[in-house]
Structures are given as structure tokens and as C-alpha cells.
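Quick one: dock chain against chain with the hints and give me the complex.
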Amino acid sequence: MTQMQTPHDHDHDHDHSHLDDMDLRVRALETLLTRKGYVDPAALDRIVETYETRIGPHNGAAVVARSWVDDAFRRWLMQDATAAIASMGFGGRQGEHMVAVANTPETHNMVVCTLCSCYPWPVLGLPPVWYKSAPYRSKAVIDPRGVLSDFGVQLPESTQIRVWDSTAEVRYLVIPMMPAGAQGLDQQQLAALVTRDAMIGTGLAQQPPSAAGGR
Amino acid sequence: MNGVHDMGGMQGYGPVVAEADEPLFHGDWEKRALALTLAMGATGQWNIDLSRSARESLPSAVYLGSSYYAIWLRGLERLMRERGLADADELRDGRMRTPAALAVRVLRAADVDASLARGTPTARPALAPARFAVGTRVHTRNMHPQGHTRLPRYVRGHTGTIALVHGAHVFADAHASRARPPFLEQAQWLYTVVFAAQDLWGPQADATVQVSVDAWESYLEPAT
Numbered sequence: 000m001t002q003m004q005t006p007h008d009h010d011h012d013h014d015h016s017h018l019d020d021m022d023l024r025v026r027a028l029e030t031l032l033t034r035k036g037y038v039d040p041a042a043l044d045r046i047v048e049t050y051e052t053r054i055g056p057h058n059g060a061a062v063v064a065r066s067w068v069d070d071a072f073r074r075w076l077m078q079d080a081t082a083a084i085a086s087m088g089f090g091g092r093q094g095e096h097m098v099a100v101a102n103t104p105e106t107h108n109m110v111v112c113t114l115c116s117c118y119p120w121p122v123l124g125l126p127p128v129w130y131k132s133a134p135y136r137s138k139a140v141i142d143p144r145g146v147l148s149d150f151g152v153q154l155p156e157s158t159q160i161r162v163w164d165s166t167a168e169v170r171y172l173v174i175p176m177m178p179a180g181a182q183g184l185d186q187q188q189l190a191a192l193v194t195r196d197a198m199i200g201t202g203l204a205q206q207p208p209s210a211a212g213g214r
Numbered sequence: 000m001n002g003v004h005d006m007g008g009m010q011g012y013g014p015v016v017a018e019a020d021e022p023l024f025h026g027d028w029e030k031r032a033l034a035l036t037l038a039m040g041a042t043g044q045w046n047i048d049l050s051r052s053a054r055e056s057l058p059s060a061v062y063l064g065s066s067y068y069a070i071w072l073r074g075l076e077r078l079m080r081e082r083g084l085a086d087a088d089e090l091r092d093g094r095m096r097t098p099a100a101l102a103v104r105v106l107r108a109a110d111v112d113a114s115l116a117r118g119t120p121t122a123r124p125a126l127a128p129a130r131f132a133v134g135t136r137v138h139t140r141n142m143h144p145q146g147h148t149r150l151p152r153y154v155r156g157h158t159g160t161i162a163l164v165h166g167a168h169v170f171a172d173a174h175a176s177r178a179r180p181p182f183l184e185q186a187q188w189l190y191t192v193v194f195a196a197q198d199l200w201g202p203q204a205d206a207t208v209q210v211s212v213d214a215w216e217s218y219l220e221p222a223t
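Protein sequence lines correspond, in order, to chains Y and R. Residues in the first sequence are numbered consecutively from 0, following numbering that gives the first Met the number 0. Residues in the second sequence are numbered consecutively from 0, following numbering that gives the first Met the number 0.
Source of the hints: derived by calculation from the structure; they are not laboratory data. Bear in mind the structure is a predicted one, so any value in this text is a computation, not a measurement. Careful, some of the hints might be misleading.
[Unchecked claim] Anything over 12 Å on all C-beta distances counts as not near chain R; from chain Y, calculated:
#1 Asp69
#2 Asp70
#3 Ala71
#4 Leu184
[As the list claims (entries may be wrong)] Estimated spans, in silico, between C-beta atoms of each pair:
#5 Y/Gln205 x R/Pro22: 14 to 24 Å
#6 Y/Thr33 x R/Gln203: 48 to 58 Å
#7 R/Asp88 x Y/Arg53: 34 to 44 Å
We put the CB at the ideal spot given by N, CA and C, even for glycine.
Excised from the complex, chain R in its bound form (with noise of 0.2 Å):
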């Protein structure tokens, strides 16, 4: 989707200003926004890619107006919603009004530090041989899907090398178009794929910066 979430390359937001002495944390309740969003999580109820799309999808004005645990937030609402795990008015006052679902994997305290320290690796067994090697020119498609997808705008209809070759990983787009487990994988080949400034932005643009994407095989075409 082409999203305000996308934003590479936009110009007018300003420097970067970084917070002096920043805390960890602004606030308890960003605490506890990190803490539910990775418990719910670990329900299997929805997966990572799923959860990226609920946070593009809020409302423009809305996703830009919001800190990043306000997004984190919004979006896990969203997908509870989504799913009849809470409805809107048990989400305001906290009261509960409807059963809670069943087969839902809860996270318990003494799983929490081997469930961080597993993750959730993508990495899969290849189904076919890697179409491209380390050099090879490479053409980004140009392509508008209206779901989730991990190839940014600025780089797409782009021509590109290939720096290095990951392997196979769950093809995010894939992943983020099921709502419900069982979630499609559809393992492909990652590449880092380089590009020169002056490719992406033109002539006038810094001869010195060189700018990659990690970028699965489907988004990709043979350079002409």
C-alpha cells in the first residue's frame, strides 16, 4: 500500500533531532504498550508482517500525528478488533463484555527470556536455486499492490545490483495477506540490492551516497 508509513526520500519534515539524554521510555505507559504488544505477540494470532500492515493502515493523518508506541498501540488494537479478541468498547473502559477466545497461546513469565531469545527467524529451506548472484544488474518491478509489501516506492522501477544473497526467507506480502493462522510463507530469496544516489534521484543527487534494500526475488527482474 502506498502509504505515509513509506517514507523514504519524502522532503519537508525537518533535521533530525535527537532527544538529549533520552529515556528509555517516555512515560509507564509506553512501558506497558512495548510489553502488551510483544505478549499478544506471542498468541500466534496474528505474525510480525500483519501486525506492520495494522500500523500502515491507520489513517494517515493519524499514523503521522501519532508517537511510535501510540502507532504500536493503535495497531494492536486493531488487529484485536479485527479479530473478536475485544470489541471497541471493551478497549475504552477496560471492562469485559464478551468471552474471551479460546486457543490462545498465552506468554508466561518464565517462557519470556527464551521466547526473546529464540525470535521469530525467517530464514526457510530454498525451493529453487537463487535466480540472481552477487553483481548481477537488476531491474525493481514497478508495483502498486494495495496490501503489505516491503519493496519502498522509491526504489521501485529502479536499476540495481545485487551486494549480497541472504538465502530464503517467509515473503513478507505473502505473510501479511492471510488474517489467520495458518499463515501463507511462500519462502523466497532475499538480496541486498545497491543502488546509486544518483540512480534514485537523479543527476543532481550526491555522487558519493549509495543507497540498498533487502529485496525478495519476486520484486526483482532480470536488468535489460
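Bound-form chain Y, shown alone (with noise of 0.2 Å):
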């Protein structure tokens, strides 16, 4: 590095690099494990194809839509969300123990899992980065308020929070509430309402586009 690069140029070069190596890094491992036949290098891609098209946050969102407007549905997924979930085909990995918690007017519930990442795959797909990182990790548990003032979040005074922390193998679903003027909508339309971060706690469901528009 030359005395004019700035400390810019600087993180950029270093993280080219840090790249670099972890790709190399794999790609020994992959071809490694697969010379040994430990590995079938199809079963890899379909692994990703899965998590890349198949489970993501529009199966969770589906099952809160389907809450939203299915009184029974909705008493079957706060009593075995399990089962209730599974029923609109999704469960298995990192969702096998599966609890529904509902927002309410007077409490906001928040997910975390601060000794790894644990997250609920089936219903969410793959975790964000910040939900892995540290500062959310270490914050949820002691400034939870903190950390939704950093997602621009801002609940009243008096609203209780509570927050789960996911040390074991059951895994949270947060129900947000259904937003005010959203009655009305079909389970499709109130499904892309509901986004990643409602169902994890650190978001609310957003506005319907009417709504929002008519303010």
C-alpha cells in the first residue's frame, strides 16, 4: 500500500483480499471433501437452490396472513405452532420446535438468539448478517428499546416488551399485529405486508399501500 491510498482504498483492498481467501478456502475444502466422497456435489447445489427459491420469509408471512384472518388457524398456532405451521407445509430444519408469540397492543415481542444465531429456517429462511452479529447479540437483551430506535422503531413508554432468547432447540415466531386499515385485504395482499423484521421483532407490519397513500 502507497502513502496516497486513502484508508478507504485501504478497507477496500483488504476486504478484496479477505474475500479471496475464503473463496480459495472453500473451494479446497469442496473439492477436498469431495475427492474423498464425503460430499455429493449435487446434493450442495441443491441445498442452496432450496434456501435461495424454496424457504424464505414468505412462508412465515403466509402463516401470519393466514392468522390474520383465520380465527381457528390462528388458536391452533398460538396452542402447537408446530403442527399449525406444518399444516401449510413448512417445518424441518432449524424448525422443528416451533412457538408462535402474538403482539398485542400492550406487549411487543423480540427474538434473539445471543450464544449463536439460531433462527427459525423454516418460516424466516436465512438469518440476516445483523442479526448474527454482535450488537445485536449482546443489545436485545439489555436495550431491546435500543435496538428498535436503531431500526427507526418507536413503541409507547408504556408497552411491555419481552424478549426470547433462543438457547435451546425450540424457535420463535413473532405475529405481528395486522396494521390498521388492512381489513378488507385478501391473505396475499396482507401477506406482503408482513415483513422479515415483523416476524423477528424488530419491525412492524408495514401499512397497507391505500393506507399509507391516503395520510
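Shown next, in the form of C-alpha cells:
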């Protein structure tokens, strides 16, 4: 590095060499494990494809949207989330034992894994980087209002905040409140309002476009 | 182990910053690191608690300085080295120098969907009645085991209330205690224990906040 380089240039170069290093390291590993016969490269492709296309937060959004309009389903979801979610075709790895926690005007729920990055994969897919980061894992349990503020969310001071640290194999799905003005929308339109962050508890469900535009 | 992975309540890491329009993977290597970790997990040579233990055992500075997929990758390399499935030279350049281990179960492409859909349930039949019921006040043990544990430091030695009873589950600490199969399961009752933030962090903490962890029965004793 020459003295003319700015700190930004330095970071940039550093990031690149790091990525190249990881790239080479993973390639070496995959080559080795394939040669040893421990992995089937087609199985690796299938795993990646599954999380790129089939398993993601759209699954959880469908569960939440249904819970907003189908009272019998909502009762089942709150009673036995694993079975209710499985009835919609979602389950398995990192969602073997599910619990749904519903937000109310009195209580807001937030989910974290302070010890690693436990996350309900069948309904939310793979976790975002921030969920696995030191800032979130450290702060969620000691300053959840500060975390909400980092996400631009302000709740009334009287709202109780309930943080769920997933320290075992139970996985938690937050059921956000249905936003005002969403009555009358169909399940697909409702699902579009359910963000990933709303199902972690660092966000709220979005206002429907008509309600937002009408303000 | 009291490692840097046990982050609950630490301060000074700064605000939570979400990346705008974050891609699912940051580079192809993350895709392959994920898939290799899952596929090698399916070989049955270790279990999820041993995987977590391997990641937690990385040097602290490496853990804090690595992205999560990089931690996974280093953990996977460590698990393989420890079991003689690959050595350091092989991991460096991908060239095979030692023969493949026998009796490794290989996850085939045709079995991926079923394997992911099945997952690895940890619920087991209970061997004894549950010691605690919803509403019971319990005290978390003040313990600092050298090995893997899932009782975070910030709740040790505190009093909370049983909020949920989840049935008996494979006990993570025992499950990570034996390097090779057959693994110890020692199923125990698992509870959600909820604490007032003021009991964890002191009277200046937010009175509207409650925090829970999921705790196995042997982490708990009746509150006196």
C-alpha cells in the first residue's frame, strides 16, 4: 500500500483479499470433501437452491397473514405452532419445535439468539447478517428499546417488551399486529405487508399502500 | 465455556446496522460454506451441539473478527481435523493425502429435500415427571463449565419464573460432551424461564422489559 492511498482504499483492498482468501479456502474444502467421497456436489447445489428459492420469509408471511383472518388457525398456531405451520407445508431443519408469540397493543415480542444465530429457518429462511452480529446479540437482551430505535421503531413507553433468547432448539416466530387499514385485504395482499423484521420483532407490519397513501 | 460467543448484555459493539437490500449470500463462497456445513452435518460424525462447541472454541479474536459463515467454515475445518477426516495440508490446497474415512454417511442430492424437511427433532420421552410447573419461581445455577453449555452468563444466579414447559429435550451440554457417536442425549425437561430486566440488570433497567431463555432442568433449582 502506498502512502497516497486513503483509508477507504485500504479497507477496499483488505475486503477483496479477505474474500479471495475465503473463496479459495471453500473451494479447497469442497474439492477435498468431494474427492474423499464425503459430499455429493449435486446435494450441495440442491441445498443452496432450496434456501434461494423455496425457503424464505414469504413462508412466515403466509402463516402470519392466515392468522390475521382465520381465527381457528390462529388458535391452533398459538397452541401448537409446529403442527399449524406444518399444515401449510413448512417445517424441518431449524424449525422442528416452533412457538408463535403474538404482539398485542400491550406487549411487543422480539427474538434473539445471544449464543449463536438460532433462527426459524422454515418460516424465515436464512438469517440476515445483522441478526448474527455482535451488536444485535449483545444489545437485544439489555436494551431492546435501543435496538428498536436502531431500526427506526418507536413504541409507546407503556408497551411491555418481551425478549425471547432462543438458547435451546425451540424456535420463535413473532406474529405482528395487523396494521390499521388492512381489513378487507385478501391473504396474499396481507402477506405482502409482513416483513421479515416484523416476524423477528425488530419491525412492525407495513401499512397497506392505500392507507399509507391516504394519509 | 465463558467465551466471546456468549454476548448477551455486552456493551460497546455499537448500533445494530441492517444492510439495505441485503443479498441472501455475500459471494458464492457463502453458499458453498452453508451447503458444506449442512452436508457434512448429515454424515453423523458430530451433532449440532458439537458444531456449536467447535465454533465457540475458536480463538476469541478470530471469532470476533470473522463473518458468521467464516466462523462456520473454521468450525467445520476444526471438526474434520479433530476426527482425522482431513488434515491441515489437505484443507489448505484440497489435495487428498490421507485415505477417506470409512462408514461416513453421504447426503445424496435425491435425499436433500427429505433430510431438510425432517430436520433433527430434539424432543424425547420424559424419564421422570417435570420438576417445575408454569408460574414456579426458579433460581438459575451459578455455574461456569469448561465445556459447552447453553445457559448464558447474563442469567446465571438469577431468579425467574417458568413461563412455558416444552417437554423433555436432548440436553445440549451432554450432547456436546462426547466427540464421536454414540452421543449422550440425557433428555431433560426444558423450560422457558422469564426474568424481569430489573432483576438481570439492576433497578435502573427498563421496568417494561422481560427477557426469557430456554433452560434445561439441571440449570435450575427451586427459588428459596
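Going down the list of hints, with the structure as the test:
At roughly 24 Å from the closest C-beta of chain R, the C-beta of Y/Asp69 stays outside 12 Å, upholding its exclusion from the interface. Against chain R, the non-interface label of Y/Asp70 holds: every CB pair exceeds 12 Å, the least being about 22 Å. The non-interface label for Y/Ala71 is consistent with chain R: the shortest C-beta to C-beta separation is roughly 22 Å, beyond 12 Å. No beta-carbon of chain R is positioned within 12 Å of the beta-carbon of Y/Leu184; the least distance is around 25 Å.
Range check, Y/Gln205 to R/Pro22: about 21 Å between beta-carbon atoms, so the 14 to 24 Å window is met. Checked against the hint of 48 to 58 Å, the C-beta distance between Y/Thr33 and R/Gln203 comes to roughly 56 Å, which is consistent with it. The beta-carbon spacing between R/Asp88 and Y/Arg53, approximately 38 Å, falls within the hinted interval of 34 to 44 Å.
In summary, the structure agrees with every hint in the numbered list given earlier.
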